[in-house]
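Enquirer: Turn these sequences into a full structure, and let the hints steer you where they fit.
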Amino acid sequence: MTQSKSERTAGYRSAEQNRRREEGKSSENTKGIENHQRAAECFTLASKNHYEAARYHEEGDDLNASK
729 MTQSKSERTA GYRSAEQNRR REEGKSSENT KGIENHQRAA ECFTLASKNH YEAARYHEEG
789 DDLNASK
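Using my numbering, read the sequence shown as starting at 729 and increasing by one per residue.
Hints were generated in silico from the structure; no laboratory data involved.
Given the structure is predicted, the values throughout are model-derived calculations rather than measurements.
By construction, the Cβ of each residue, glycine as well, lies at the ideal position given by its N, Cα and C atoms.
Check each hint, because a few of them may be wrong.
[Stated by the list, open to error] Derived DEER-like restraints, expressed as beta-carbon distance ranges: (1) 777 <-> 743: 47 to 53 Å; (2) 773 <-> 743: 44 to 50 Å; (3) 753 <-> 778: 34 to 40 Å.
[To be verified] The calculated lysine to aspartate or glutamate pairs, modelled on EDC-like cross-linking and capped at a C-alpha distance of 20 Å, are: (4) 759 <-> 769; (5) 776 <-> 790; (6) 776 <-> 789; (7) 776 <-> 786; (8) 753 <-> 769.
Expert: Following this line, the structure appears as C-alpha cells:
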C-alpha cells in the first residue's frame, strides 16, 4: 500500500523514514515518562520532608524542623 503525498509526514518520503520517525517518538516518549517518574519521586520526597518539618515546628522542635 502506498501513501498519497498528502498523507506522508512532512519531510519524509517513504514508509521507512516514517517508521524511523515513529521509533524516535517512542524513544522520546519513554524518556519523558522516565523523567516524569523521577520528578514524581522528588516531589513525593519533598512533600514528606515539608510535612515532617511542619510537624516538628508544631511540636516546638526547631532543631529537627531545620534538617
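Enquirer: Hints first: check each against the structure and report whether it holds.
Expert: Against the structure, the hints:
1. Taking the beta carbon of each, residue 777 and residue 743 are about 51 Å apart, inside 47 to 53 Å as hinted.
2. At about 45 Å, the beta-carbon gap between residue 773 and residue 743 stays in the expected band of 44 to 50 Å.
3. In this structure the hint that residue 753 and residue 778 lie 34 to 40 Å apart at CB holds, the actual value being about 36 Å.
4. Annotation: proposed proximity of residue 759 to residue 769 holds, straight-line Cα distance about 15 Å (limit 20 Å).
5. Taking the CA atoms of residue 776 and residue 790, the gap is about 17 Å. The hint holds against a cut of 20 Å.
6. Annotation: proposed proximity of residue 776 to residue 789 holds, straight-line Cα distance about 17 Å (limit 20 Å).
7. Our distance criterion of 20 Å between C-alpha atoms is met by residue 776 and residue 786, whose separation comes to about 15 Å.
8. Of the supplied pair hints, the one linking residue 753 and residue 769 is violated, its CA atoms being roughly 24 Å apart against a limit of 20 Å.
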